[in-house]
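Protein chains: 2
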Amino acid sequence: MFIAMNRFKVTRGREADFEKLWLERDSHLSGVAGFVEFHLLRGPEQDDHTLFSSHSVWASLAEFEAWTTSDAFRKAHKQAGGASTEGLYLGPPNFEGFEVIQTVK
Amino acid sequence: MFIAMNRFKVTRGREADFEKLWLERDSHLSGVAGFVEFHLLRGPEQDDHTLFSSHSVWASLAEFEAWTTSDAFRKAHKQAGGASTEGLYLGPPNFEGFEVIQTVK
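Chain order of the listed sequences is A and B. Going by numbering that gives the first Met the number 0, the first residue of the first sequence is number 0, and it counts up by one from there. Going by numbering that gives the first Met the number 0, the first residue of the second sequence is number 0, and it counts up by one from there.
Among these hints, one or two may not hold up.
One copy or two, either will do: identical chains are not told apart, so a pair holds if it fits within one copy or between any two.
Claimed, not checked - Computed cross-link-like contacts, BS3-like style, restricted to lysine-lysine with a CA-CA straight-line distance of at most 25 Å:
1. K104 with K74
2. K8 with K77
3. K19 with K104
4. K104 with K77
No lab work stands behind these hints, which were simulated from the structure alone. Small disclaimer: the values here were computed from a predicted structure and weren't measured.
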């Protein structure tokens with residue numbers, strides 16, 4: 000199993016705008032081969048930003064990589080741009096990919 | 000839902016030692032009230048370390064906090080110390096707590 004994470008530094012005071020943007024978007028993820036689930040997470044508050052993280056869980060790294068070159072990916076990320084994001088972020092998102100090496104339930 | 004994460008910078012060349020330590024431990028998590036699941040994740044390699052992350056998923060922040068003051072927590076973290084971890088980490092783990100604000104399946 001593979002988890003693709005993006006870490007977003009959202010400008011203090013813009014948290015509601017960020018959440019609205021994400022909650023209203025169409026992720027185009029349902030039905031994609033290998034897609035397991037997605038979580039949007041709100042993390043610690045710092046002086047100048049609040050950390051958010053998106054987690055996309057995939058059956059395998061190969062299926063995640065296949066998605067990144069698909070039409071569904073292009074559609075989902077086209078939405079993410081646009082004028083409404085001006086001033087929303089402190090810098091670009093930070094991508095990190097992780098392989099699951101142990102699960103305890 | 001709440002996800003407690005710890006980020007570990009593991010010295011290059013010691014990844015197998017780190018994984019062995021975690022895979023062999025008793026997490027003392029099964030049966031704890033509010034515990035949902037645990038994942039140990041291997042992330043990106045940098046020049047001087049490999050990033051690992053532990054994810055503990057909880058039904059709520061309150062149940063996670065209750066666990067951190069429990070006997071089970073004390074037992075699990077007593078194991079984590081010990082001479083075998085010398086030189087394993089570049090610095091202490093970095094804790095981050097996240098609230099799940101959206102789930103897509």
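Against the structure, the hints:
Taking the shortest Cα distances, K104 and K74 sit within 25 Å of each other only across copies (18 Å), while inside one copy they are farther apart (35 Å). In the homo-oligomer, the alpha carbons of K8 and K77 lie at most 25 Å apart inside one protomer (20 Å), although the nearest pairing across protomers, at 34 Å, exceeds that limit. In this assembly of identical chains, the alpha carbons of K19 and K104 lie at most 25 Å apart only when taken from different copies (19 Å versus 32 Å within one copy). In the homo-oligomer, the alpha carbons of K104 and K77 lie at most 25 Å apart only across protomers (21 Å), although the nearest pairing inside one protomer, at 37 Å, exceeds that limit.
Of the hints listed earlier, there is not a single one the structure fails to meet.
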